[in-house]
Amino acid sequence: MHIFKTFLLATVVLFSTSCQSHDKENKKATIAETTPVVSMETEKMSPQELGDYETAYFASGCFWCVEAIFESVKGVKEAVSGYAGGTEDNPTYDQVGRGLTSHAEAVKVYYDPEVISFTALVQVFFGSHDPTSLNRQGPDRGPQYRSVAFYKNEQEKEIIEAYIGALNDQNVYEGATITTEVTAFTKFYDAEDYHQDYEKKHPNNSYITNVSIPRLNRFKKNFPDYLKESAH
Numbered sequence: 059m060h061i062f063k064t065f066l067l068a069t070v071v072l073f074s075t076s077c078q079s080h081d082k083e084n085k086k087a088t089i090a091e092t093t094p095v096v097s098m099e100t101e102k103m104s105p106q107e108l109g110d111y112e113t114a115y116f117a118s119g120c121f122w123c124v125e126a127i128f129e130s131v132k133g134v135k136e137a138v139s140g141y142a143g144g145t146e147d148n149p150t151y152d153q154v155g156r157g158l159t160s161h162a163e164a165v166k167v168y169y170d171p172e173v174i175s176f177t178a179l180v181q182v183f184f185g186s187h188d189p190t191s192l193n194r195q196g197p198d199r200g201p202q203y204r205s206v207a208f209y210k211n212e213q214e215k216e217i218i219e220a221y222i223g224a225l226n227d228q229n230v231y232e233g234a235t236i237t238t239e240v241t242a243f244t245k246f247y248d249a250e251d252y253h254q255d256y257e258k259k260h261p262n263n264s265y266i267t268n269v270s271i272p273r274l275n276r277f278k279k280n281f282p283d284y285l286k287e288s289a290h
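Counting the sequence shown from 1 gives a position; our numbering is that position plus 58.
Any given hint could turn out to be false.
Stated by the list, open to error - Simulated crosslink set (DSS-like; lysine-lysine; CA at most 27 Å straight-line):
(1) Lys135 / Lys258
(2) Lys258 / Lys102
(3) Lys258 / Lys132
(4) Lys210 / Lys132
(5) Lys102 / Lys210
(6) Lys278 / Lys259
(7) Lys132 / Lys278
(8) Lys135 / Lys210
(9) Lys286 / Lys210
(10) Lys286 / Lys259
(11) Lys245 / Lys210
(12) Lys215 / Lys258
(13) Lys102 / Lys286
(14) Lys132 / Lys245
Hints in this document: simulated from the structure, not taken from any laboratory.
Please put together the full structure from these sequences, using the hints given.
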């Protein structure tokens with residue numbers, strides 16, 4: 059299995075704008091309300107159409123970033139931002155972002171297994187974030203930004219654990235401990251509508267330009283063979 063050294067070796071620059079502010083003012087929500095939305099048509103599949111595809115669930119920091127990465131991958135039909143990994147019903151962004159729940163910001167990935175395998179999606183997951191950074195990705199801190207690979211069955215669990223074993227055997231992270239949780243999937247809650255396709259709709263947002271797009275571009279550089287034609 060070919061292992062890519064990616065984000066651990068890169069210096070992460072912390073910006074003043076984060077995916078979620080922990081002060082009294084919810085800066086991310088404020089940005090979403092005030093930043094002009096770019097007028098664009100985003101092709102969306104209906105729930106009935108998406109029902110024909112397999113699903114996978116991952117958490118690796120701000121879901122704006124993670125959604126954009128997976129949507130650039132060939133075989134991925136849709137990626138939805140949301141919340142998973144906790145016990146509370148119907149969590150809201152405000153609750154999750156302030157660390158008031160046990161959920162993490164996560165994505166639901168709809169994919170065609172005839173084009174891309176679950177194993178490849180696991181590789182995309184580990185290759186697009188730092189899995190040794192506990193409860194943190196870039197400027198975003200807290201357990202709501204933790205690294206989680208969810209599995210729906212024993213086969214998926216074995217694939218994830220085998221991949222972690224390969225990363226450790228090849229010392230990809232130079233002795234650093236992989237902190238990714240390998241967790242049985244239970245339930246996923248879609249995030250509020252304004253979070254969906256956020257990077258596409260708000261390309262001039264300071265968090266997007268300083269954090270999300272550079273993260274996406276690093277992924278594209280390391281995984282060119284996995285990209286859709288439109289993502290090159």
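Verification of the supplied hints:
| no. | hint | in the structure |
| --- | --- | --- |
| 1 | Lys135 / Lys258 | 16 Å, holds |
| 2 | Lys258 / Lys102 | 13 Å, holds |
| 3 | Lys258 / Lys132 | 17 Å, holds |
| 4 | Lys210 / Lys132 | 22 Å, holds |
| 5 | Lys102 / Lys210 | 25 Å, holds |
| 6 | Lys278 / Lys259 | 20 Å, holds |
| 7 | Lys132 / Lys278 | 12 Å, holds |
| 8 | Lys135 / Lys210 | 19 Å, holds |
| 9 | Lys286 / Lys210 | 26 Å, holds |
| 10 | Lys286 / Lys259 | 19 Å, holds |
| 11 | Lys245 / Lys210 | 10 Å, holds |
| 12 | Lys215 / Lys258 | 32 Å, violated |
| 13 | Lys102 / Lys286 | 16 Å, holds |
| 14 | Lys132 / Lys245 | 25 Å, holds |
Hint 12 from the list above is the single one not met by this structure.
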